[in-house]
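Protein chains: 2
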Amino acid sequence: MRVLALLDGTLADPDSPQIRVDDLGLLRGDGVFETILVVDGKPRELTPHLDRLDRSAAMLDMPTPDRAAFERAIELVIGNWTGAREIALKLVQTRGIEGGDGTPTGFALGMEISPKVLQQRAEGLAAVTLDRGVEPGLADRAPWLLLGAKTLGYTINMAALREAERRGAAEVIFTTSNGSVLEGPTSTAVLVRGRTLVTPPSQLGILPGTTQAALFRAAERAGWTTVVEPIPVEDLYTADGLFLVSSVRTVTRVHTLDGKQLPDSTALLPELRGLYESEY
Amino acid sequence: MRVLALLDGTLADPDSPQIRVDDLGLLRGDGVFETILVVDGKPRELTPHLDRLDRSAAMLDMPTPDRAAFERAIELVIGNWTGAREIALKLVQTRGIEGGDGTPTGFALGMEISPKVLQQRAEGLAAVTLDRGVEPGLADRAPWLLLGAKTLGYTINMAALREAERRGAAEVIFTTSNGSVLEGPTSTAVLVRGRTLVTPPSQLGILPGTTQAALFRAAERAGWTTVVEPIPVEDLYTADGLFLVSSVRTVTRVHTLDGKQLPDSTALLPELRGLYESEY
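For the protein sequence lines, the chains are A and B, in the order given. Quick note, the first sequence lines up with residues 0 to 279 if you use numbering that gives the first Met the number 0. Quick note, the second sequence lines up with residues 0 to 279 if you use numbering that gives the first Met the number 0.
Calculated from the structure, these hints are not laboratory results. There could be a bad hint or two in this list.
Unchecked claim - Part of the chain A face toward chain B, derived, beta carbon under 10 angstroms:
id : residue
1  : Leu45
2  : Leu49
3  : Trp223
What the hints assert, rightly or not - Coverage of chain B stretches by chain A, computed from C-beta distances (three or more under 8 angstroms per stretch; other residues unrestricted):
id : region
4  : 100 to 114
5  : 132 to 142
6  : 154 to 163
7  : 270 to 279
Backbone N, C-alpha and C define an ideal beta-carbon position, used for all residues, glycine too.
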């Protein structure tokens with residue numbers, strides 16, 4: 000099922016057209032989004048998601064999203080949801096109509112978690128590394144490349160996932176051209192070494208992860224060490240565990256990388272997921 | 000005015016919503032497009048545009064666009080156009096609905112040429128160079144980056160144009176990280192040296208230009224030399240002329256680059272535009 004709420008506080012039919020063909024979100028990928036996990040009617044990391052939506056909008060020189068209107072739309076979706084206990088809730092703001100008055104288009108769309116994601120949460124997945132074609136320092140040097148903004152222009156991310164499928168895998172870990180770990184197309188990479196969690200710095204031009212932040216918060220409280228530092232690709236093979244984390248996938252184990260089986264991290268999965276769940 | 004035709008051979012109202020919120024073209028920038036110039040009811044470079052739409056779709060592993068349906072939609076837009084003698088005609092194909100049956104969404108949308116473009120055609124424009132963050136060889140090495148595909152994910156291109164505005168210019172010439180000329184966000188760069196036209200090779204990961212190809216064809220017939228080779232940024236300052244060419248802007252002169260006035264190429268403009276027009 001899908002539930003759609005508009006920013007004017009009304010519900011709309013997601014199976015009927017709601018967007019004009021000349022919306023810049025469609026014609027140019029000119030817009031920003033967030034995907035929030037809602038469990039039993041409660042949105043997780045709502046403020047970090049809304050903050051990041053603001054940040055992405057600012058990176059695109061767009062009007063700051065109307066937070067009250069988005070919050071009302073979120074409530075409306077949740078209040079009208081009659082499906083499973085989890086919702087993948089997308090918030091979207093585009094630059095509006097081409098040649099229009101600059102009023103953004105915005106909506107909140109509740110969708111079911113796909114069976115594929117549910118299976119991956121349970122069974123883990125195979126990933127491949129793919130060159131993202133960026134070098135360290137590029138994000139700072141060339142802010143117009145929007146590295147680290149969550150935009151509607153996810154064309155490359157989707158192409159990378161298709162490339163992974165061609166290689167018999169389900170997910171991607173992007174790397175810099177010189178072999179430093181970046182992120183997944185829709186997730187953050189987290190490495191486990193002993194009682195330490197490691198993730199790459201967002202300064203590399205990657206999205207600061209809301210789920211990664213929640214996991215690290217919980218881990219620190221539970222006595223783990225957390226480190227934010229560049230990760231050479233080689234380290235992925237020798238770590239105790241490699242995980243992709245995101246709102247919708249929560250914590251998902253990577254069992255195979257570039258066709259090679261990684262050290263068995265089966266036992267770590269419930270532990271990390273327990274940490275994550277302890278936040279809610 | 001705007002005229003919208005759908006692939007089923009019907010006209011639709013461009014001022015009313017036609018696209019669902021869960022269309023992957025909107026949610027992911029997952030789609031391809033072309034913009035064709037129509038003059039006095041005649042589309043220019045129609046076959047090259049349709050061929051390039053096919054090529055972009057193939058790079059995105061999308062179904063080949065239904066050429067007959069697009070041609071019918073184009074005729075419908077042109078037949079119902081009552082505006083100025085020029086139309087900017089956009090063809091769009093998206094991957095369709097998220098979780099749907101894979102049927103692409105497609106349409107043809109006729110729009111007016113913006114007053115800004117008309118002014119730039121007449122008066123020329125100031126451009127800035129911006130690092131596109133790619134190095135030579137990347138396009139071949141990492142096809143999932145879709146360099147040279149004309150996708151709906153033009154978010155970066157739009158951000159670059161805003162950066163140009165911030166710097167007091169109207170256009171951008173993207174460069175590789177090591178200072179080789181690539182292209183404009185929506186145009187091809189063409190350099191004039193004596194009786195020679197030069198443009199960078201598409202192997203660098205840039206879009207093969209339909210207007211550039213038409214101009215070069217005409218120039219060759221008129222006895223000019225045409226060269227496709229890498230262009231160091233420094234060469235832009237010493238050339239006899241620098242032009243941005245595209246369907247909608249046709250041939251537009253760059254008079255200022257990164258705040259520095261370029262050698263006066265005013266006399267070259269009518270000559271190049273004459274070559275281009277001789278094709279039609």
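Problem set entry | Outcome, coverage of the region 270 to 279 of chain B by chain A - at least 3 residues whose beta-carbon is closer than 8 angstroms to one in that chain | Our answer is that it is violated, as 0 residues pass the Cβ test (under 8 angstroms) against chain A, missing three.
Exercise. Would the hint on leucine 49 of chain A stand, with a C-beta cut-off of 10 angstroms toward chain B?
Worked result: With a minimum Cβ separation of about 19 angstroms from chain B (threshold 10 angstroms), the hint on leucine 49 of chain A is violated.
Problem set entry | Supplied contact hint for leucine 45 of chain A, tested at 10 angstroms Cβ to chain B | violated (20 angstroms)
Exercise. With a cut-off of 8 angstroms between beta carbons, are at least three residues of the region 100 to 114 of chain B near chain A?
Worked result: holds (count 4)
Problem set entry | 8 angstroms C-beta criterion, at least three residues: is the region 132 to 142 of chain B covered by chain A | With 7 residues close enough to chain A, the hint holds.
Problem set entry | Hinted contact tryptophan 223 of chain A with chain B - closest CB pair below 10 angstroms | Not OK, violated: tryptophan 223 of chain A not within 10 angstroms of chain B, min 34 angstroms.
Problem set entry | Given coverage of the region 154 to 163 of chain B by chain A, tested with a Cβ cutoff of 8 angstroms and a minimum of 3 residues | holds (count 8)
Of the numbered hints stated above, those contradicted by the structure are hints 1, 2, 3, 7, listed in ascending order.
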